[in-house]
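Chains as they are written, first to last, in the numbering used here: chain A, 662 to 1082; chain B, 662 to 1082.
Accuracy of the hints is not assured; some may be wrong.
[As the list claims (entries may be wrong)] Taking lysine to aspartate or glutamate and the EDC-like style, the derived pairs with C-alpha atoms no more than 20 Å apart in a straight line are:
| id | chain 1 | residue 1 | chain 2 | residue 2 |
| --- | --- | --- | --- | --- |
| 1 | B | K843 | A | E679 |
| 2 | A | K843 | B | E875 |
| 3 | B | K843 | A | E678 |
Please keep in mind that the hints were generated in silico from the structure rather than gathered at the bench.
Here is what each chain is made of, one letter per residue.
2 protein chains.
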Amino acid sequence: MSELTNRHQTGLPQNLEERFAARAAGMQASEIRSLFAVASRPEIVSLAGGMPNLSALPMEMMASVVHELIATNGAEALQYGSGQGHPKLREQICEVMALEGIRANPDDVIVTTGSQQALDLISRIFIDPGDVVLVEAPSYVGALGTFRQYEAQVVHVSLDDKGLIPEALRQAISAVRASGRKIKFLYLIPNYQNPTGVLLSADRRSEILDICREEQIFVVEDNPYGLLGFDRPSPNAMRAEDSENVIYLGSFSKTIASGLRVGWALVPQSLKEKLVIASESSILCPSNFTQMTISSYLANQPWRDQIASFCKVYKIRRDAMLEALEESFPASATWTKPGGGFYVWVNLPPEVDTKLMMPKAIAAKVAYVPGTAFYADGFGSWAMRLSFCHPTPERIREGVKALGHVVNEEIARRGSGYELK
Amino acid sequence: MSELTNRHQTGLPQNLEERFAARAAGMQASEIRSLFAVASRPEIVSLAGGMPNLSALPMEMMASVVHELIATNGAEALQYGSGQGHPKLREQICEVMALEGIRANPDDVIVTTGSQQALDLISRIFIDPGDVVLVEAPSYVGALGTFRQYEAQVVHVSLDDKGLIPEALRQAISAVRASGRKIKFLYLIPNYQNPTGVLLSADRRSEILDICREEQIFVVEDNPYGLLGFDRPSPNAMRAEDSENVIYLGSFSKTIASGLRVGWALVPQSLKEKLVIASESSILCPSNFTQMTISSYLANQPWRDQIASFCKVYKIRRDAMLEALEESFPASATWTKPGGGFYVWVNLPPEVDTKLMMPKAIAAKVAYVPGTAFYADGFGSWAMRLSFCHPTPERIREGVKALGHVVNEEIARRGSGYELK
């Protein structure tokens, strides 16, 4: 208690704001932070988070994998390892990527603390303050946060139900260059995109690669959901077609377990050294323990079957969500019909503000993420992301139904001319 | 193979250097990188690395800890967790810190992927290009690398066998401020410093705290070795005396296992939010699996006894190294006599260049780290860091003896007027 008292007596250090780096000005708690605290209460149906569903993962098997690892190879698993990542795991990562048509050399793979760290490292080697990063509209909130910390200017490029629109990309490049700014890379999630669930068509993949190669813009292909296609396999990864201009990010968070925090970047050889040095300066080395856990799992367990089990779990939930939306949401709403991944994107009539609507949803015991979280520019106020990955199908139906009531009331209230300020 | 062929046909991307961020210019492979590859060959006695010695850690016990964790709590351990770190582990970290006189609130602890990540995050929130960071002369090579990536100017402050010299600190502050530059923090390792093994005296701790508080300079107290005192307990941590102006970094890498990559920062409350946001942008969240492994271990195993076992292992090796230095090194050499930790710092006559001497040492089957690695300014060419943590006492004696021969020959050769260019 004296600790607390002492702190409050002394108060804030003098001139604290002046003592921070310029980039720290952008480190503000997001509006959705407090929302997540609320959404994690058990009585709330959370359609907000992107937590993988581990119900299909046999825990006794995982327990045996880690026991065996430490008992037989603890001296290595519990020791510092390579900054670039464990050599055997990097080979296995190449086998995993082969499922999406990628031929890669383990020497070009850098293992990271989740693919979030890969995003951070790529930002670190490329972004000077004011540089432009092109991203889909909307895009992954965690990527936007990282780009902001490196003081990038984020320029959104439209997507539709076939993914990023090549013509919109051309126009964005021209407009940015006409303004004299540098474009450092295009960041996109081609498979079951976060937050829309959209799949980028094979034709567009090639066209976008051509544009970016021509314009000398690196493509950062973030692919956590590629193996989570429910109805058919995903098209080949963009990296399968271009090994020179694509920086590929992968992750075991959705296919094995997110709590291990193991992701990776596969990069053109010209970038590898800088990325490894950046990673060593950031974390010294990734955990041998978590890397070797995954390596043992991949070597000794039927991991492809396990991914198929995860797909079944998610497909049932996706179906439940789409059916419930059809039943409960108004005709003026539209939504995506994802073929895989975790997310559905819902567009409501433009007069609805999903951020202002949140307290009502929470009161109705359901949570989502307001659309503005996925734009760097305040856009998306009429949209929301719904995750179907975690709750049971019954809870999803219940939550979507409750949310449908809230939405219908909100539209009616807005239509009546009454505005809550 | 076609992957490799394809790469070499196309060559480097055009204008690659121009496409990097300015900070990437500093991301060059260090000279000691290739050295470490050589030093890890089994025939070489490596006195170079700082790898903890895990021989005292009972692997069956660790295997049971992780088995039990996954079997009983796998759904949490394998899931995403809090960006700030696991709540229970943060409480236990406060108990560990209490051993060094720290009274802390778990809410002010941020768990990181090793304390290296804490260094990275602190640099991120404080350092604008050109800002000054004060560090001991010499200092931890990994910290220097991180400060360089954030484009800090590192200013070294002298230390002697009682640690950082307060008067030298005063002078450095005056000189930097007279030049119009901003000082962002003082970084130091008070206990069994890396690379010198020096312990900062209790008197000086207070005096340095007073100076930094007066001058409004945060103190970053990096303390991986504090519990590894062989002969007597370390003085209280600096953070025990000042909770407002000290950012404390801790780590389980040397007291439990480095392969788990779990460290932490204990920060003044005014800094917490920005650090958590910076960490989320960097890695989303630390691994629940490794955090909960440590948490279970701390809760169920005699961890204080285990640290005492580690101390015994290291003390025997420290003694072996000091005895061997006494026997084999010339009278013109001096070295520190560490009371704990991993390292001895050796000063040779100024005409010896330890970097140029390295190939001869490798030929004699022994490796060390040249002194220049621990300075940002090329200083230290006549010094070397010797680690006693990892090899057996016999190997240490053997390695130091071989190195003594190399050093004696080098001094004789230099003294004879013959210079190798």
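Evaluated hints:
1. K843(B) / E679(A): holds, 10 Å
2. K843(A) / E875(B): violated, 43 Å
3. K843(B) / E678(A): holds, 14 Å
The structure fails hint 2 only (numbered hints given earlier).
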